[in-house]
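K.L.:
Chains as they are written, first to last, in the numbering used here: chain D, 1 to 323; chain F, 1001 to 1289.
These are computed hints drawn from the structure, not numbers from a lab. Glycine included, each C-beta is placed from N, C-alpha and C at the ideal position.
Reference listing, derived: stretches of chain F covered by chain D, where coverage requires no fewer than 3 residues with Cβ under 8 Å from a Cβ of chain D:
1) 1026–1039
2) 1095–1104
3) 1265–1278
Chain by chain, the residues:
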Amino acid sequence: MSRRQIILVAALVLAAGAIPFLVSDYRTFQFTLTLVYAIALLGLNLLTGYNGQISLGHGAFYAIGAYTAAILMDQYGMPYWATLPFAALVCLVAGFLFGLPALRLEGLYLALATFALGVSLPALLKYHHLEKWTGGVQGIVINKPDPPFGLPINPDQWLYLFTLAVAVLMFVLAWNLLRGRIGRAMIAIRDQHIAAEAMGINTAMVKSLAFGVSAMYTGVAGALGAIAIQYVAPDSFNIFVSIVFLVGIVIGGLASISGAIYGALFIQFVPNIADEISRAAPWAIFGVFLLVFVYLMPMGVAGAVRMALARLARKAQNRSQST
Amino acid sequence: MDAFLHQVLAGLATGGIYASLALALVMIYQATHLVNFAQGEMAMFATYFAWSLINAGMPYWPAFLLTVVFAFVLGVVIERVIIRPVENSPVLVIVVVFIALLVILNSVTGWVFSYTIKTFPSPFPAEPIFGQYITSHGGGAIGVTLVVLLLLYAFFRFTPLGLAMRAAAQNPESARLVGIRVGWMLALGWGLAAAIGSVAGMMVAPIVFLDPNMMGGVLLYAFAAALVGGIDNPGGAVFGGFLVGVLENVLGAFVIGNELKLAVALVLIIGVLVVKPSGIFGKVMVTRV
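So that you can see chain F by itself, here it is in the shape it has in the complex:
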């Protein structure tokens, strides 16, 4: 029982990280109805930025904040420069652009920072502070995820800008008619997504270590999490993230072995898409023929 509890809590800890990245995916999906394949690499790139700041002697939390701002700007720039020209193109074109982005970010990082694996510090103390079942970094990651979710909720619920972004996502034409700059709202959505993704990157880097390919597996779990929770529902994505984290850890430890952990994500993704594409909390989409 002890071992089981331990696995569940460890699963919740990684689940928090998947939840953050899933949240980033949902942000972009809500704004543009696209699934960003480069989300993981954007987070990875931002994490390298944080790493260079910390290496240059900056304390952790200022570097953390600066990285979030940097990621936000990066997201906005990517949307304005690279995504905007293909916004209304066929899906294939958009997927190709995302893949190009993934490849470019991955190789540029490898070029600038080399492919050697680096350690990344955790802001939380090494000795367990949340009891014996969970590392303090794990507990901290869960906390950070929940804070991010809360901030997002407050932003969308209580600020005029949040309202404008929701309007732009829900009904672009009407939003434009009442004077909302829809294009900029989409760019802001990308910026927010990139910022949330950078938090996920900085939380996962102490666990998996920093290297240009570190987000491959995490992105897959985040896809699974977003789909399980419903890809248009932020709360659902967070729930999905924790669920996928626990499932992955418990199944990996007791049922199928660690090698097949990634297959859990594959089965979840295909299973959800085939059986219930709207996920647990998502809206059912109906297209008019």
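Okay, chain D solo, but in the shape it has when bound:
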């Protein structure tokens, strides 16, 4: 990253930090969820965009993260911030374990297996032997955290800032992971897994690890989402959560870090607008957008932005040369 880019990113983060002081509490809550989705989408993008493993069941890891946080707060009285590492750990292990058998599956079959996971998870959450912890169909209600140290802001604003801090941390970690040795190995496996193996990459290890890390990101997002919404229930984690994530990464841009943010904005705010037309409208729009993007803009919004910037830069260069 050049110095200019660092300044730009820092300015963006600062601007994002100013949002809760400029808009209503409800909008702040919506932006909190946007950040939550951005983390989840980044997780899915690590797996699907960078490593080429298709997952149609990431809603399951989102749910596991959410339930981990909710159970720890509800049953063990843990403070909200302390639940995040646990949610991350539980999902890392869950993702790694699911990734092991998934190693033998490729493409379509992996999509199938993860789809099955996404569809069947709500039923597992309702299982009556787990009801003691999960609250069964009723779910779990948790309390909204108060701002610490007597800060003069309201809980919604605090939660937004807290989520923003976590999101920035997760994005920096992902950026570091992807430009290093492991990131290059992940991309190599996606593009040519036989060549990658021939070059000495432990493909089995990298693929399961990618699955674990991806699940971890989504799990942290799930935990933050549960804290923000203050409620978890099995039926809010149906297969459509996984599909929303897929919509997010395709629209935002596959294999792109900034794409996670565009995708999150899309899946948070487009349904809000479309809801006014009809209850079915958001999904109809999601479906049509998926088709349009796949046919016309396969790189997503991030790809379009990149192309537009490159064109602008070229024009500026031409102008400076001609004068």
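Chain D is fixed; fit chain F onto it per the hints.
P.N.:
Okay, now just chain F, sitting in the frame of chain D:
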């Protein structure tokens, strides 16, 4: 023992429905080597079509036939318009297109017909006609599945068009050289699959009631059934369907409880894919590196 027999027969009845949908999945897999995630929603959409016909006063069986024809046309159109442009794209693109199709069909149905749950009539009488262990709808569903399988077998075995479709699926290049229009054969495969799926939808709707999300669980069992039987083998898929239906019912009733029934499908899918990806009757696929 009575209760056990009852569960097995009830399992066979739902198994027949899974078998039909699994058969539809196998049709598309054979033709294009793709697994259609929207198969369930296509069946659901066709079932709504049947529902509107019956509601408009049409008798059951004409409505049934008309729906099968409608589903066939729908399948062909979807293949020609939506699937054709991405035929040779990477798997991710195709999966995304299938998911888009699923979402669009689901929301359009909800939009047009509303999300309220509707009842759907069964063509079979209410009083048991196949003995006390099985409802007449269950027995009828098994019968319908077997008839569909028989018709398909006859079609592929004895008609020139069936032969052409098999040729197009097995070796597209050679088939094209002898004058078969491979593209249209694939579209026909989609049409047949959609038609079979619509039968499954109309058979399952009296049991689970009609709503836009009714096929979610059924599709999962159908995936499991197709994989257990071998995803490239129609007979295997039907066998798998009955097997999954019985397993689901017996395990649900006596071992794990009804809440975990869907988990049976999950375990079967992952288990088969990991241990024996070709299923019981499928051909082992070898890829050249």
